Amino acid sequence: MKRKREWTIIKIISALILFAGVLTPVRADVIAEPQDPFYKEHAEECTYVGQYYRVIAVKGAFLYTAPQSAEILGQVPQGKEIWIDFTYVEEDGDSWGVQALEGELAGSSVWLNLADLQVEMNDAIFFKEHQAEIEQIDEVFAPEDFSGYLCFYEYPGADSVYEYTDAESLLEEPVTVNASFTTATGEIWLHTPYYFGHQGWFQRDQPVVEQAPLLNYQRGHILAAEDGTLHAAPPLTPQPVVVLTPETNRTDMPEERGSVRQYIAFSFSKDGLIGGLVLLVIAVTSGLIAVFWKKPKR
Amino acid sequence: MLRSLVLSLILTWLLELAFAFLLGIRRGKDLLLILLVNLITNPAVVYLALTFRYFLPSWFLIPLLESLAIGVEALYYRSYALTIRHPWLFSLAANAFSYGIGWLLQHG
Numbered sequence: 001m002k003r004k005r006e007w008t009i010i011k012i013i014s015a016l017i018l019f020a021g022v023l024t025p026v027r028a029d030v031i032a033e034p035q036d037p038f039y040k041e042h043a044e045e046c047t048y049v050g051q052y053y054r055v056i057a058v059k060g061a062f063l064y065t066a067p068q069s070a071e072i073l074g075q076v077p078q079g080k081e082i083w084i085d086f087t088y089v090e091e092d093g094d095s096w097g098v099q100a101l102e103g104e105l106a107g108s109s110v111w112l113n114l115a116d117l118q119v120e121m122n123d124a125i126f127f128k129e130h131q132a133e134i135e136q137i138d139e140v141f142a143p144e145d146f147s148g149y150l151c152f153y154e155y156p157g158a159d160s161v162y163e164y165t166d167a168e169s170l171l172e173e174p175v176t177v178n179a180s181f182t183t184a185t186g187e188i189w190l191h192t193p194y195y196f197g198h199q200g201w202f203q204r205d206q207p208v209v210e211q212a213p214l215l216n217y218q219r220g221h222i223l224a225a226e227d228g229t230l231h232a233a234p235p236l237t238p239q240p241v242v243v244l245t246p247e248t249n250r251t252d253m254p255e256e257r258g259s260v261r262q263y264i265a266f267s268f269s270k271d272g273l274i275g276g277l278v279l280l281v282i283a284v285t286s287g288l289i290a291v292f293w294k295k296p297k298r
Numbered sequence: 299m300l301r302s303l304v305l306s307l308i309l310t311w312l313l314e315l316a317f318a319f320l321l322g323i324r325r326g327k328d329l330l331l332i333l334l335v336n337l338i339t340n341p342a343v344v345y346l347a348l349t350f351r352y353f354l355p356s357w358f359l360i361p362l363l364e365s366l367a368i369g370v371e372a373l374y375y376r377s378y379a380l381t382i383r384h385p386w387l388f389s390l391a392a393n394a395f396s397y398g399i400g401w402l403l404q405h406g
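In order, the protein sequences belong to chains A and B. Take 1 as the starting number for the first sequence in the working numbering and just add one per residue. Take 299 as the starting number for the second sequence in the working numbering and just add one per residue.
Note that these hints are calculated values from the structure, not bench results. Be aware that a few hints might be false.
[Claimed, not checked] A few chain A positions that, by computed beta-carbon distances, are all more than 12 angstroms from chain B: (1) Asp-36; (2) Lys-59; (3) Glu-71; (4) Leu-101; (5) Ile-188.
[What the hints assert, rightly or not] Heads up, simulated DSSO-like pairs for lysine-lysine below, C-alpha to C-alpha not over 27 angstroms straight-line: (6) Lys-128/A / Lys-59/A; (7) Lys-40/A / Lys-327/B; (8) Lys-294/A / Lys-327/B; (9) Lys-59/A / Lys-80/A.
Computed from a predicted structure; not experimentally measured. A virtual CB, placed ideally from N, CA and C, is assigned to each residue, including glycine.
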């Protein structure tokens, strides 16, 4: 009876421990805050940015558990995009950015030195920086003659096509335009807030598009012809034609885009010493117990 | 990481000793055994938790490590403790107590 009660209590406490293990540090707010000790201690000094940065350091950007920590988790190569949730500026002026990991690793976060990163231009930043030069208009773009694809970009001058629409759609339905921007070289860019699910900037007098790399589209499926028009690449083996569609919600961060998770390296090199020390302590302590404690007769 | 290991061990020692005292365990050698057994399990659990926290979800990692610690400690108490009459229950309760207080201190 006593044993049964003991096991019942064990089961209850086990369930509580499991529940505690399952508890993930998620708040009801939309923004998931990092849960590492450093952030918690300096939360008031951190600023939410929620944007992409690009690694500009030649050696890449190291991933840390905390600013100035000696514990390096991995390295992001130069040129890669990283999403930063919050930034923190130290007393000496050093700026750090943190990404709160999501999904199964929610609760963990990784820090990067912002000196190794550069803000990735996006439409919001572009609007903010060129507010004075952007003219608010209310027009439609309805070319009488058009061929190929009308390419939309996240901001004027972006190096990758964001989305595109074909000539057939364009000639059927004009594009609503709500802003205009003229570059220093005289290029006129127009902005559409919505066009068949697309939005973004396009060049009014779109010249021949030459080898525009496509964002959100797998390379190789779309090819640029010599005249710059875009065509679907012929399949290598007979297979059903796959219609590529843009991401339905482009403001959502794609699963891997900008995530540091793919750059975290599993390494025992530095912590191996500490691991060895732990093993040594276990061995010595076990030995001490075995030598100095007698097993009681039961 | 070393700092985390040491701080965690000290906190665990204090909490588990306090828990043992609350349960009326007074035998010096048994209290010392509790300290030594936690010296075996606590640094290992913290080390593995910190090492694997970016690779395994916490809902899996923490219960796994805590269960292993509870098992190891219970076996030691069963084998060597004189006044810990219910070693498995004691191990489970002591670990739940120290984990719970530790969690509250961290998230409170």
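Straight-line Cα separation of Lys-128/A and Lys-59/A no greater than 27 angstroms? violated (31 angstroms)
Pairwise hint evaluation, Lys-327/B against Lys-40/A, where the allowed Cα distance is 27 angstroms at most: With a Cα-Cα distance of about 40 angstroms, the restraint between Lys-40/A and Lys-327/B is violated, given a limit of 27 angstroms.
Using Cβ atoms and 12 angstroms as the threshold, tell me whether Glu-71/A really stays out of contact range of chain B. violated (6 angstroms)
Over 12 angstroms from every CB of chain B: does Asp-36/A meet that, or does the non-interface label fail? violated (10 angstroms)
Agreement of Lys-294/A and Lys-327/B with the hint, judged by alpha carbon distance not exceeding 27 angstroms: holds (11 angstroms)
Are the Cα positions of Lys-59/A and Lys-80/A separated by 27 angstroms at most? holds (12 angstroms)
Far enough from chain B: is every CB of that chain over 12 angstroms from the CB of Lys-59/A? About 21 angstroms separates Lys-59/A from the closest Cβ of chain B, which puts it past 12 angstroms; holds.
Does the no-contact call for Ile-188/A survive, Cβ to all of chain B over 12 angstroms? holds (48 angstroms)
In terms of Cβ atoms, is chain B entirely out of 12 angstroms range of Leu-101/A? The claim is violated: Leu-101/A sits with its nearest Cβ about 7 angstroms from chain B, within 12 angstroms.
In terms of the numbered hints stated before, the structure departs from hints 1, 3, 4, 6, 7, listed from lowest to highest.
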